[in-house]
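J.: One letter stands for each residue in the lines below.
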Amino acid sequence: TQLLEQSPQFLSIQEGENLTVYCNSSSVFSSLQWYRQEPGEGPVLLVTVVTGGEVKKLKRLTFQFGDARKDSSLHITAAQPGDTGLYLCADLSSNTGKLIFGQGTTLQVKP
Amino acid sequence: GAVVSQHPSRVICKSGTSVKIECRSLDFQATTMFWYRQFPKQSLMLMATSNEGSKATYEQGVEKDKFLINHASLTLSTLTVTSAHPEDSSFYICSARRGWGSYNEQFFGPGTRLTVL
Numbered sequence: 785t786q787l788l789e790q791s792p793q794f795l796s797i798q799e800g801e802n803l804t805v806y807c808n809s810s811s812v813f814s815s816l817q818w819y820r821q822e823p824g825e826g827p828v829l830l831v832t833v834v835t836g837g838e839v840k841k842l843k844r845l846t847f848q849f850g851d852a853r854k855d856s857s858l859h860i861t862a863a864q865p866g867d868t869g870l871y872l873c874a875d876l877s878s879n880t881g882k883l884i885f886g887q888g889t890t891l892q893v894k895p
Numbered sequence: 218g219a220v221v222s223q224h225p226s227r228v229i230c231k232s233g234t235s236v237k238i239e240c241r242s243l244d245f246q247a248t249t250m251f252w253y254r255q256f257p258k259q260s261l262m263l264m265a266t267s268n269e270g271s272k273a274t275y276e277q278g279v280e281k282d283k284f285l286i287n288h289a290s291l292t293l294s295t296l297t298v299t300s301a302h303p304e305d306s307s308f309y310i311c312s313a314r315r316g317w318g319s320y321n322e323q324f325f326g327p328g329t330r331l332t333v334l
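Sequences listed follow chains A and B, in order. Each number in my numbering corresponds to the 1-based position in the first sequence with 784 added. Each number in my numbering corresponds to the 1-based position in the second sequence with 217 added.
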């Protein structure tokens, strides 16, 4: 059974600071996705990465996929209170469509 | 983007009653729908995979007689929590898959908060 570990589990920072969260898998990802979830809502897809070594940017968010396709990082530059939420990495199976989620990183950005 | 709705958004019920939650893909036909459960401050845990016209596939440890899934059409799946108990209180989220293979996308509903008294 694949295990996805995210670190840190909780992060509380001041507005304007930079941060990085990590996602490590016990096996190679089929397709890695990052989601953000706000309290009381469903997760919203941020990015999908497939190729080892891939880097994608979404405004102040930078996503990196490890060369071996077993790890990933999400870096946020100049965090804002609107970035507050639960960040989840997930492995998407192209065959079954199943998503296996990591435990999540809860981010709080204080104004 | 594609829209997935859930109804109701919140439900409070007495112990022993059954509760039905609907998941609809509003502007696309979903090849597959999924049901997740999320406890406070935890991640999403996949409960079952639902395909239109066939029996749902449940993940290990999920009681199929407890959580009944019906997938009547390509745009509607329902989850019924039977004889609910306080430990079933949770946030239930569905997702709908559009497309196949490497080009599939999954869209999440807004979730249903179930509280069993």
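It should be emphasised that the hints constitute simulated quantities derived from the structure, not laboratory data. Don't take every hint at face value.
Said to hold, decoys possible - Computed list of lysine-lysine pairs in PhoX-like fashion (alpha-carbon distance at most 20 angstroms, straight line):
# : chain 1 : residue 1 : chain 2 : residue 2
1 : B       : K272      : B       : K237
2 : A       : K854      : A       : K882
3 : A       : K894      : B       : K272
4 : A       : K882      : A       : K894
5 : B       : K272      : B       : K283
6 : A       : K882      : B       : K272
7 : B       : K231      : B       : K272
8 : B       : K283      : B       : K231
9 : B       : K281      : A       : K882
J.: Indicate, hint by hint, whether the structure satisfies it.
T.: Results of checking the hints against the structure:
Taking the CA atoms of B/K272 and B/K237, the gap is about 17 angstroms. The hint holds against a cut of 20 angstroms. Distance hint between A/K854 and A/K882 is fulfilled; the C-alpha atoms sit about 18 angstroms from each other, no more than 20 angstroms. At roughly 47 angstroms between alpha-carbon atoms, A/K894 and B/K272 are farther apart than 20 angstroms, so this suggested pair is violated. Taken as a hint, the A/K882 and A/K894 pair is broken in the structure, with Cα atoms around 35 angstroms apart against an allowance of 20 angstroms.
Restraint check for B/K272 and B/K283: the C-alpha separation of about 15 angstroms stays at or below 20 angstroms, so the hint holds. About 16 angstroms separates the Cα atoms of A/K882 and B/K272, which keeps this hinted pair within 20 angstroms; it holds. Among the hinted pairs, B/K231 with B/K272 is inconsistent with the structure: their alpha-carbon atoms are about 28 angstroms apart, more than 20 angstroms. Taking the CA atoms of B/K283 and B/K231, the gap is near 16 angstroms; set against the 20 angstroms cutoff, the hint holds.
Our distance criterion of 20 angstroms between C-alpha atoms is met by B/K281 and A/K882, whose separation comes to about 18 angstroms.
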